[in-house]
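> Keeping their order, the protein sequence lines are chains A and B. Per the working numbering, residue 1 is the first one in the first sequence, and the count goes up by one each step. Per the working numbering, residue 1 is the first one in the second sequence, and the count goes up by one each step.
These aren't lab readings, by the way, just hints derived from the structure by calculation. Just so you know, not all the hints are guaranteed correct.
To be verified - Once the Cα atoms are required to be at most 30 Å apart in a straight line, the calculated BS3-like pairs of lysine-lysine come out as:
(1) K81(B) <-> K55(A)
(2) K36(A) <-> K23(B)
(3) K36(A) <-> K55(A)
(4) K81(A) <-> K55(B)
2 protein chains.
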Amino acid sequence: MMIKKNIENTTGPFVHSVYFWLKNPDNLENTNAFEKAIRKLIRTNPQATSNHFGKAAEVEERAVVDNSFTYFYMMIFSDLKTQNTYQTDPTHELFIKEAAHLWERVIVYDSISETT
Amino acid sequence: MMIKKNIENTTGPFVHSVYFWLKNPDNLENTNAFEKAIRKLIRTNPQATSNHFGKAAEVEERAVVDNSFTYFYMMIFSDLKTQNTYQTDPTHELFIKEAAHLWERVIVYDSISETT
Numbered sequence: 001m002m003i004k005k006n007i008e009n010t011t012g013p014f015v016h017s018v019y020f021w022l023k024n025p026d027n028l029e030n031t032n033a034f035e036k037a038i039r040k041l042i043r044t045n046p047q048a049t050s051n052h053f054g055k056a057a058e059v060e061e062r063a064v065v066d067n068s069f070t071y072f073y074m075m076i077f078s079d080l081k082t083q084n085t086y087q088t089d090p091t092h093e094l095f096i097k098e099a100a101h102l103w104e105r106v107i108v109y110d111s112i113s114e115t116t
Numbered sequence: 001m002m003i004k005k006n007i008e009n010t011t012g013p014f015v016h017s018v019y020f021w022l023k024n025p026d027n028l029e030n031t032n033a034f035e036k037a038i039r040k041l042i043r044t045n046p047q048a049t050s051n052h053f054g055k056a057a058e059v060e061e062r063a064v065v066d067n068s069f070t071y072f073y074m075m076i077f078s079d080l081k082t083q084n085t086y087q088t089d090p091t092h093e094l095f096i097k098e099a100a101h102l103w104e105r106v107i108v109y110d111s112i113s114e115t116t
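Same shape as in the complex, but just chain A (with noise of 0.2 Å):
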């Protein structure tokens, strides 16, 4: 949480984000379900060097921005290799195996961090 504020320290050099949107996103049975998956994912992954795990903020609206997601979970890896294979890794097959039938709709980006 506090890291330093500094451009050479950025938060990684492969920045993995992605943003679920829930079938029932107020049924409480499946938020649980789905934070239990994705908490067992945090503790257990062994290639991320760090993660956020959130849920939509209560900003402003403007026309820009997308409110409209459930949950929004970002690892950061050393490189694009360490996300390959985090894509077949046991922990992530586990996550997709317990969550998947919850969510409707997912988006996915990936980004290379540009030397500043």
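Here the structure of chain A is known, so what remains is to put chain B in place on it, guided by the hints.
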């Protein structure tokens, strides 16, 4: 870049993620102008505790992956209030003035960390 793998030490409580699609992503003059403007923002902005600036990564094509954006810029703020301050900060307003004519589409996602 070397962030501890520690669930307590996530990448921050408020994650502001912005995806940019430039009008002319292959025009070097345009990309240089965008990068110059965003680097100025990164160097001068007082609100963000951490940043990631990158391009779309060359990952394997999957149905859920949106690889079409030109740039991704993520800022970590300590809380929602600081993000609100950022919206009208002079460094943010200058960035919009210098770069907004270069993009055709922007999506912003804002997320607050959940306790993991």
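> Confirm or reject each hint.
Quick rundown of the hints versus the structure:
1. At most 30 Å may separate the alpha-carbon atoms for a hinted pair to count; K81(B) and K55(A) meet this at roughly 16 Å.
2. At roughly 41 Å between alpha-carbon atoms, K36(A) and K23(B) are farther apart than 30 Å, so this suggested pair is violated.
3. Of the pairs offered as hints, the one joining K36(A) and K55(A) holds, with about 14 Å between alpha carbons and a cut-off of 30 Å not exceeded.
4. For the hint pairing K81(A) with K55(B), the CA-to-CA distance comes to about 16 Å; that is within 30 Å, so the pair holds.
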